[in-house]
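Novice: As a plain string of letters, each chain reads:
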Amino acid sequence: MTDLIVIGAGPAGIAAALRASALGLRVVLLDDQPQAGGQVHRAPAGTRPVPPSPEARTGTVLRDGLAGSAVEARPGHQVWSVSADFRVDALGPEGPCHWQAPALIVATGAQERVMPFPGWTLPGVVGLAAATLLLKAHGIAPGARTLVAGCGPLLGAVAAGILKAGGQVAAVADLAAPADWARRLPAMAARPDLLARGAGWAARLRRAGVPLLFRTTVAEVEATATGLRARLCPVDADGRPRPGGTVVEADAVAVGHGLLPSTEITRLLRVEHAFDAVAGNWAARLDGDGRSSRRGLYVAGDGGGIQGAAAAPLRGELAALAAARDLGRLDAGAQDRLAAPLRRRLARAARFGRAMAGLMAPRPGQVEAITPGAVVCRCEDVTRAEIEAAAAEGAREVNQLKAWTRCGMGPCQGRVCGDTAAALLARHHGIAREEAGLFTGRTPLRPLPLAQLTGEFGYADIVLPPPAPL
Amino acid sequence: MSSSRALLVSFSFDDEPYEGSAGDSLAVALMLAGRRHLRDSSRQGAPRGAFCLMGSCQECVVWVDGERRPACQVPLRQGMVVRSGTIGTDTP
Ligand code: FES
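Protein chains in written order, with this note's numbering: chain A, -1 to 468; chain B, 1481 to 1572.
For reference, chain B alone in the conformation it holds in the complex:
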């Protein structure tokens, strides 16, 4: 999985440093980095992560540089500041 032809970029998720390939979506980069739990659900507080990877389910929504975005639709960029999409603990 590491045989990368792409440029490695660094970003952060909840203040932890991560690396990923530019060209992957943020959701895929997090998945490859072993970070699958992206937020807690609004009512039950249950762990959630990417599910459809097509921008349909909105399960992968996180804060990207201060905006709520589905991680599967966001291309990974150098220096991205990402926070868990849990409502309530979310404001950047």
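Okay, chain A solo, but in the shape it has when bound:
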């Protein structure tokens, strides 16, 4: 029998699984990617050389650690349902399968936030995180000439990575000003290695003559006969567009505005969530060890609030210790003794992670600046104007908005539009984000090919949560 299921084999999930296994728990570790590592330590696809990096090296160490452990690691498994009693249904290479355990650690990490603008739906416009993945796993740039835009540390990493991969960078458009970065220097000093890397990226970009445009946003992208044309626009500290601007020609745009914790599973299981006004995102409400409001359910890593890759393994280990204690497999004294050094290190790592999260926090002007015609919900082509119209008719909460406009009803389940839609409702009515709410989780967590679910699979086996309250 399984004692603990860990969903997500990034740095938090791997650390949780290894620690729990070392304590004698029988652990299953599930991940949708073909190899463990998560997005940060993603394994190279093996098709092209990729540049060496500390993340890649750590990824190899983590995968080796898993291989040498008693953890039952199941990469290539797409989790599509989790029930209240922690039955986890997944689709793997051999078809549907499921596990059940008295404890579950959710370590599903983060997803990217991209604020809508006209043209963000065009082929060739990708997320900054997507660009990172192309560089890390496949050794390629998103295009021959890429505009890199948005905010946060991924800007420099992606732009420098593109140059390294032999691509051109049309420009880097950063919402932040140099002073915004400088203000975070004290917190960043906790990670001199990363600071040095950041400085290295900046030097490489300057040497290559890449225009670094601060307090600048992408206002619009349009398709041309040969590629893409982006209109860049200066912004104030709150992200509000100011007069002026330039036009940049490229064939790809990599754009991202920070990270959002992946809350699909915790929303599905109806645990308490809290809105973090500083980071501008929702996450499950947790105690210091990662316990959620549901007994036996823990969250580790960025899925429980963005603190970064250095904090993730510490949060994973803390959650594993808490689970072992709650299962009666570790006494309270031992847990405290083992957790104390982890908590100290976490405080330091989290400080850095939160400084980065601050740089990536949404600015109020960004939401205001979304044009009426911009598509907010990409699955159902719902524009800002349609969301405003629904709000004017009385929609105050996102699930209500979904029922009225289909915003969030498509196959992405609102992962892409949910945050923006809620921000627009809150702004329209002058209400708090708590009141605008968040989309109720539902199964399947990802669309599944139905043919693969037939066979031994019976619909009576699916444990569905109660219908979503409106």
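Some clues are possibly wrong.
Some chain B residues close to chain A (C-beta under 10 Å, calculated; not the full set) [stated by the list, open to error]:
| no. | residue |
| --- | --- |
| 1 | His1517 |
| 2 | Arg1549 |
| 3 | Pro1555 |
To list a few chain B residues with every Cβ distance to chain A over 12 Å, as calculated [as the list claims (entries may be wrong)]:
| no. | residue |
| --- | --- |
| 4 | Ser1490 |
| 5 | Asp1494 |
| 6 | Asp1495 |
| 7 | Tyr1498 |
| 8 | Gly1559 |
| 9 | Val1561 |
Hints in this document: simulated from the structure, not taken from any laboratory.
For every residue, glycine included, the Cβ atom is placed at its ideal position computed from N, Cα and C.
Position chain B with the ligand relative to chain A; hints supplied.
Specialist: Only chain B with the ligand this time, still in chain A's reference frame:
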């Protein structure tokens, strides 16, 4: 971009022949082959392509051997028959 250590395989997209590296995802193989427009959106009929590459946004959904799959989550295989994911013109 062509310095490949991987096996080249052939596949088709809307009846056009393509080649790519086994080990890349279908979305990456199409991107490298210059095919970024994967489907038209349901309501506006606007062109769409891969966006998140992590299986989250579902923008890259195409028909792969008769099943609707996100191209970024499908490993490229020899002989794959791929069709645009546009709804309505989609049935294989
Ligand atoms: S590109 Fe987002 S799911 Fe494939």
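Novice: Each hint: holds or not?
Specialist: Evaluated hints:
{"no.": "1", "hint": "His1517", "in the structure": "holds (5 Å)"}
{"no.": "2", "hint": "Arg1549", "in the structure": "holds (6 Å)"}
{"no.": "3", "hint": "Pro1555", "in the structure": "holds (7 Å)"}
{"no.": "4", "hint": "Ser1490", "in the structure": "holds (15 Å)"}
{"no.": "5", "hint": "Asp1494", "in the structure": "holds (15 Å)"}
{"no.": "6", "hint": "Asp1495", "in the structure": "holds (19 Å)"}
{"no.": "7", "hint": "Tyr1498", "in the structure": "holds (15 Å)"}
{"no.": "8", "hint": "Gly1559", "in the structure": "holds (18 Å)"}
{"no.": "9", "hint": "Val1561", "in the structure": "holds (15 Å)"}
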